[in-house]
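**Q** Chain residues, written in single-letter form:
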Amino acid sequence: MKYDAIVIGAGPSGSASAYTLAKNGYKVLLIERGSEPGAKNVSGAMIRESEISKVFETKDIPFERIVKRVRLIFRSKDDESEIVVKPKSKLYTISRLKFDKWLAQRAESAGALLITKTTVTGIEGNKVITERGSVEGDKIVIAEGANALLSMSLGLRRELKNEETVLGVKEVYASTRNEVEKRFNLQGDEGESWRIITDYPFPSAGFIYTYKDSVAIGVGARVDEIITMGIRPFELLDSFKTPYAELVKGFSLREYSAKIIPENGFPSFKPCEGSVYVAGDALGLVDPLTFDGIGPAIISGYLAGKAENCYSYSKMLFEAREISKVIKSRPLVKELLPNIGLYSHLVNDFLTSWVEGDFSKLKYYKSSLGKLMKHLILGLGVIE
Amino acid sequence: MRVEERLYTLRYKRDEKPHLEIKDQQVCNKCHETYKSPCITVCPANVYSFVEGKIIVSYENCLECGACKIVCPFNNIVWKYPRYGLGISLRYG
Ligand SMILES: Cc1cc2nc3c(=O)[nH]c(=O)nc-3n(C[C@H](O)[C@H](O)[C@H](O)COP(=O)(O)OP(=O)(O)OC[C@H]3O[C@@H](n4cnc5c(N)ncnc54)[C@H](O)[C@@H]3O)c2cc1C
Ligand code: SF4
Ligand code: SF4
Numbered sequence: 001m002k003y004d005a006i007v008i009g010a011g012p013s014g015s016a017s018a019y020t021l022a023k024n025g026y027k028v029l030l031i032e033r034g035s036e037p038g039a040k041n042v043s044g045a046m047i048r049e050s051e052i053s054k055v056f057e058t059k060d061i062p063f064e065r066i067v068k069r070v071r072l073i074f075r076s077k078d079d080e081s082e083i084v085v086k087p088k089s090k091l092y093t094i095s096r097l098k099f100d101k102w103l104a105q106r107a108e109s110a111g112a113l114l115i116t117k118t119t120v121t122g123i124e125g126n127k128v129i130t131e132r133g134s135v136e137g138d139k140i141v142i143a144e145g146a147n148a149l150l151s152m153s154l155g156l157r158r159e160l161k162n163e164e165t166v167l168g169v170k171e172v173y174a175s176t177r178n179e180v181e182k183r184f185n186l187q188g189d190e191g192e193s194w195r196i197i198t199d200y201p202f203p204s205a206g207f208i209y210t211y212k213d214s215v216a217i218g219v220g221a222r223v224d225e226i227i228t229m230g231i232r233p234f235e236l237l238d239s240f241k242t243p244y245a246e247l248v249k250g251f252s253l254r255e256y257s258a259k260i261i262p263e264n265g266f267p268s269f270k271p272c273e274g275s276v277y278v279a280g281d282a283l284g285l286v287d288p289l290t291f292d293g294i295g296p297a298i299i300s301g302y303l304a305g306k307a308e309n310c311y312s313y314s315k316m317l318f319e320a321r322e323i324s325k326v327i328k329s330r331p332l333v334k335e336l337l338p339n340i341g342l343y344s345h346l347v348n349d350f351l352t353s354w355v356e357g358d359f360s361k362l363k364y365y366k367s368s369l370g371k372l373m374k375h376l377i378l379g380l381g382v383i384e
Numbered sequence: 001m002r003v004e005e006r007l008y009t010l011r012y013k014r015d016e017k018p019h020l021e022i023k024d025q026q027v028c029n030k031c032h033e034t035y036k037s038p039c040i041t042v043c044p045a046n047v048y049s050f051v052e053g054k055i056i057v058s059y060e061n062c063l064e065c066g067a068c069k070i071v072c073p074f075n076n077i078v079w080k081y082p083r084y085g086l087g088i089s090l091r092y093g
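Going down the list, the sequences are from chains A and B. Counting with UniProt numbering, you get residues 1 to 384 for the letters of the first sequence. Counting with UniProt numbering, you get residues 1 to 93 for the letters of the second sequence.
Do not take every clue at face value.
Unchecked claim - List of simulated lysine-lysine pairs, DSS-like, C-alpha gap at most 27 Å:
(1) B:LYS13 x A:LYS161
(2) A:LYS117 x B:LYS69
(3) A:LYS161 x B:LYS23
(4) A:LYS127 x B:LYS17
(5) B:LYS54 x B:LYS80
(6) A:LYS117 x B:LYS54
(7) A:LYS127 x B:LYS30
(8) B:LYS80 x A:LYS101
(9) A:LYS270 x A:LYS334
(10) A:LYS27 x A:LYS101
(11) A:LYS98 x B:LYS23
(12) B:LYS69 x A:LYS334
(13) A:LYS117 x B:LYS17
(14) A:LYS270 x B:LYS80
(15) B:LYS69 x A:LYS161
(16) B:LYS69 x A:LYS270
Worth flagging that the hints you see were computed from the coordinates, not collected in a lab.
Excised from the complex, chain A in its bound form (with noise of 0.2 Å):
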């Protein structure tokens, strides 16, 4: 059997190629292991509007709710200091599975065709092994997710360090919608999360999340860090969760989950060979600063649809602003992840500074304004 392009992976970027190719008239396979798009992925999550209707209509996104608030946290062991974000745009939280599989559909009405439960185990020239036989295409795009072991199989990445790898934890307790929305003040499709930064027990990023009758929690931490302080993920997840534990107190764990997010790749990844193009987490396109993966993952699975050859790819790759910003994000990142503490502290002591009138604590950041200086210079790169 010969198809115009065989896409690997019904996540949002293999959907999103799917869906470009499909749309523009090429015959498309779309091949997922998961017994159904979704089943195997895992994410926070909260996604943003602007990225996705860059490829899909949104009309009908299936999404849990409406970002009204956003709570930024930092947390040291005796500090923590809030503030409250009230987003502009439109950000959504959504669940995995039913924002996939409705991804995968957009590909199936433009022609794709999907088949389920079929892991792809190997990429010989244009043919695309599976375990229920192989199939030839005339392009192959690669959107395998971070355990990407097609890509690496080609020689078109190496492994993930242990330093640049996240590995995120995360539940999902359960409830009815009216308790949400009471425990979290929330109004009909409203929605609320929590973005939190600590130091403590060693440097992590967490997450608390409003779906429509539950709520996600989840800590992401760096694998080298993990290690180095022996603690394992459940035990992490959980000295974060507890000064949460009201939030989520009476409602039932209904699912617990983890995945690696890489903090590294393209362009040090190469993008592209011949025929074969690689989008999304394969080629490591995690905004580490924003934590948004889904976005990236969406624009490069379009952009490998859409380009003519590696060249063109790997220039779209560049010029597309949901890509360089993950590029720019990476140096400042490293800078800023051994450096949480002195953040979290600064922030509190600067607020609290300010409540109280009296900024003099503030003078022993003095001895740090170069280090400082360096991050917003980095953090100035970001923006364009």
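Assemble the complex: chain A is given as a structure, and chain B with the ligands must be docked to it using the hints.
**A** Below, chain B with the ligands without anything else, positioned relative to chain A:
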């Protein structure tokens, strides 16, 4: 909460053929002494454990997260996906 209780929340379809395998047990013994078996520390599902000086792989509990293959200092794990979409199936993701 114990890991086992968390794993009860999950739907698994067991692949009779293990999708994770240790290449060389001897290497694990060396690793245990020198590096304290990072696969055990990093695994969110308690898949790896040392029992009577031997590493045991409870592959049926695997969350397919991908961390163990990265942290293994000896690249001693054959890390594959369960076949035909077997393994874990998430409801929220
Ligand atoms: C805990 C956590 C929280 C996160 N929070 C957010 C967030 O709030 N917002 C955000 O934007 N991003 C978030 N991310 C990142 C986001 O999940 C990823 O960036 C995104 O899923 C990448 O999409 P993708 O399509 O590249 O890969 P994936 O979503 O991983 O999809 C890959 C697909 O390919 C399939 N597949 C893999 N190999 C094969 C094969 N050999 N054969 C057939 N099928 C195969 C898989 O089953 C899967 O369906 C989070 C990640 C984690 C782990
Ligand atoms: S990390 Fe690798 S070598 Fe060490 S015990 Fe685990 S599997 Fe064996
Ligand atoms: S992939 Fe994740 S859950 Fe599975 S054995 Fe490895 S570390 Fe454990």
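**Q** What are the numbers of the hints that this structure violates, sorted from low to high?
**A** 1, 6, 7, 11
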